Structures are given as C-alpha cells and as structure tokens.
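Chemist: What follows is each chain in one-letter form.
There are 2 protein chains.
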Amino acid sequence: MRGDFYHELAPVNSTMVTMAKAVRESMRQASTALLAADQSLAREVTVRAAEIGVLYRVVQDRVLDLIAGRQPVAGDLRMVLTASSAAADLERMGALAVLVARAALRRHPAPAVVAELAELFREMSTVGDDMAAKIVLALADHDAVLAAQLDGDDDAMDRLHRQLFSVMLSPDWPLGVEAAVDGALLGRYYERYADHAVNVGRHVVSLVAVEAQ
Amino acid sequence: MRGDFYHELAPVNSTMVTMAKAVRESMRQASTALLAADQSLAREVTVRAAEIGVLYRVVQDRVLDLIAGRQPVAGDLRMVLTASSAAADLERMGALAVLVARAALRRHPAPAVVAELAELFREMSTVGDDMAAKIVLALADHDAVLAAQLDGDDDAMDRLHRQLFSVMLSPDWPLGVEAAVDGALLGRYYERYADHAVNVGRHVVSLVAVEAQ
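Protein chains in written order, with my numbering: chain A, 43 to 255; chain B, 43 to 255.
It should be emphasised that the hints constitute simulated quantities derived from the structure, not laboratory data. Small disclaimer: the values here were computed from a predicted structure and weren't measured. Even for Gly, the Cβ is constructed at its ideal location relative to N, Cα and C. This list has only true hints and no planted wrong ones.
Among chain A residues calculated to face chain B with C-beta under 10 Å, some are:
| hint | residue |
| --- | --- |
| 1 | GLY111 |
| 2 | LEU119 |
| 3 | ARG120 |
| 4 | SER126 |
| 5 | ALA130 |
| 6 | TRP215 |
| 7 | LEU227 |
Between beta-carbon pairs, the in silico distance windows are:
| hint | chain 1 | residue 1 | chain 2 | residue 2 | range |
| --- | --- | --- | --- | --- | --- |
| 8 | A | PHE207 | B | TYR48 | 45 to 53 Å |
| 9 | A | ARG99 | B | GLN191 | 20 to 28 Å |
| 10 | B | SER56 | A | GLU93 | 33 to 41 Å |
| 11 | B | ASP103 | A | GLU93 | 32 to 40 Å |
| 12 | A | ARG112 | B | GLN81 | 49 to 57 Å |
| 13 | A | GLY95 | B | ALA251 | 20 to 28 Å |
| 14 | B | ASP197 | A | VAL96 | 24 to 32 Å |
| 15 | B | GLN191 | A | ALA182 | 42 to 50 Å |
| 16 | B | ASP46 | A | GLU93 | 36 to 44 Å |
| 17 | A | ASP103 | B | ALA110 | 19 to 27 Å |
| 18 | B | TYR48 | A | VAL115 | 20 to 28 Å |
| 19 | B | TYR48 | A | THR168 | 45 to 53 Å |
| 20 | B | SER56 | A | VAL187 | 38 to 46 Å |
Build the full structure now, drawing on both the sequences and the hints.
Modeler: Now the structure itself:
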C-alpha cells in the first residue's frame, strides 16, 4: 500500500463518491419522471445537473492542485489522471440523465415511453441504477471486485437495447414513428450511461491495482 | 509567448493534428459509405478506428511523460490536461464515424439513409466535415479565431438536427419506423460529432490564451 499518495488522493475520491451519488439519484429521478410522466421530478433533474457540474469542477481543481503540489510520477500520476477521466464519465452520465428528463418533459402530459416499451425501459433503468449503485460503493470502498462486475451488467444492458430495437422494428409494431424515434434515442441514452459506468469501474480497478503495488 | 514549455508540448500537438486528420478522413469515408451504400468504404472506417486508437494512446503517453518529466504547474499544467481531454474528444469523434459506417453496413445493399433524408444528411456531413477541417487547421496553426467559429457551426448542425426530426415526425412522413429509427440515431451521431469538435476548439482557444500570457 502506498499510504502517502493514497492519502493525498482521498479528497478527489471523496468528491467523486458525492458525484456518483448525485448522478445515480439524477438518473433514478429521470427514469421515474419518464415512466410516470412526472413533470416536477423531471425539472429536479435539470437543477441537479448544475450541482454535478460544480462537483466536476471541484474534482478537476483538486486534480490540478494535486499534480502541481505533489508532482507525482509513474503509477501515481496515472492514477490521478484516470480519476480525472472517470470524473468526466460521471459528468457525462449526469448529462444523459438530463436528456432522459428532457424527453419526459417533451411529451408531457403524455408519457414519453409508450406502454409497449415501458417494461423494457423499466428493466434498462434498473440495470443502469444497479450499475450506478456499484460505482458509488466501488469508489467509496476501492472495491475492484464490485467494479469488475460492471462489464457483465453492461452486457445485460446491451441485450435489453437489442431487444428494444427488435420490438420497435418488428412488423407487429402497432405504434407510429414518433414513439419509435423516442424509443431509439432513449435506448441510446441508457446504453451510453452504462458504457460510462463501465469506464468508471475500470478506473477503480486500475486504482486498486496501483495501490497494491 | 512561453517558448520553453510551448516547445515541449509540440510533440503532443503534432500527434493530435495527425489524429484530427485521421478522424476527419474517417467521417468523410463513413458519410460517403452511408450516402452511397459503399460497403468497402464502410469497412475502411472500422480499420482506421484502430489507427486512431493507437494515436490516442501515443498522446496519453506523451502527456504522462511530459507531466512526469517537466512537472508543469498552473497554466502549463492546465494546458497539458486540456490537450489530453481534447484528444479524448477526437477519439470519440472517430468512434462516432465507426457508428455511422456500421449503420451503412447494417442496411447494405440498401442505403441506410432513405432518399427523403439524403439531402439533410449530406448537409449534416458537410457541416461536420467543415468543422473537422477547422480543427485540423486550428490545432496545426494554434488558430483561436478559426477555433472560435466552431460554436456557430455547431448551431448550424443543431438546426439541421431539428429539421431532421421535424421531417421524420411530420404527418406526411411516407416511410416506416425503421427509416425513422435509423435517421434518429444517425442524426444523433452527427450532432455529437459536432459537440466534440466544439470541445476541441475550446482547447485550442484556451491553449492560445495561455501561450499569450
């Protein structure tokens, strides 16, 4: 355990845990807003995005201070830079939650997700939320085992994503173009959310590997 | 002009220019493949993506070496880190070109873009290509004026993107769900391509601002 530099990285990591919690809450609210056509919840997501933006800048500033103040090299430097890039992934996950919330608002008071796709989106949002929960814990506890599970979760998300397209593109699809266009874009947002979660997981795995050196 | 550190950053910048050229060429090929249903061109894009990945790792390694070897602080450090983040944007632009190429392959020998949308996609690809061309030049010449034009180009892309949706969602849309789903996703890829180009432009603007200090 490289106790010294690990200690220095703690404030960066701690802000990233706060960020991850805010991102998770944001996507939970966005998903509920989407499935229940809840307008006020959707608006909360756009407010929370500003908080996530502030946290992201805090991480970036701390990374700069850390590099300038401690001048880390090799593994330590790599560790700080992957933390910075994982924070960018978290910020993007927050932005995707905003896109989901905006989709909910765009069709309000009608639900943006038609009944035929609601179950699939419920599953996608559950998989996404499980992944976000793992990120929070993996970052907080430096748990590489949990972080490594994210690849498998991402496969589950990809399966749901493919299923979504096969439903919408089947000759039996009873609904029009608008519902399918909304479905395609929303599916893409959840799929990207999962991709970014995987990146954050990889950061935790590499962080733990460096720590163990 | 801070001649010293500027000189050190030159190899990073030079690799980023090569990356930007490869990304531009990649999206040009993907767009042609898409509009002309050209299968072999679409395959070239997926090959080129590997080259872009290698160039991205070269940039990352050079950034690490530079920080570890020169231990820059303040503006110099910020400059290296924004270069690294702009390289991540370029890498993502290459990935979006692959998604466009894959869409072209998925519907081959039919064109993935229906005749009704071909003109709009031609315009989106032209705007995207102009933006990529500006990035190449702005990075090569440290041209902040050119880089600052990218925001306006992005507005043009957003207008085309909105136009795309109004065509697909109009009651007169003569085609089915599949064409609209493809259109929605492809539109999203071009729109994101432009967003990342704007980020690269911001890097050049901040680079030039630091240089001028």
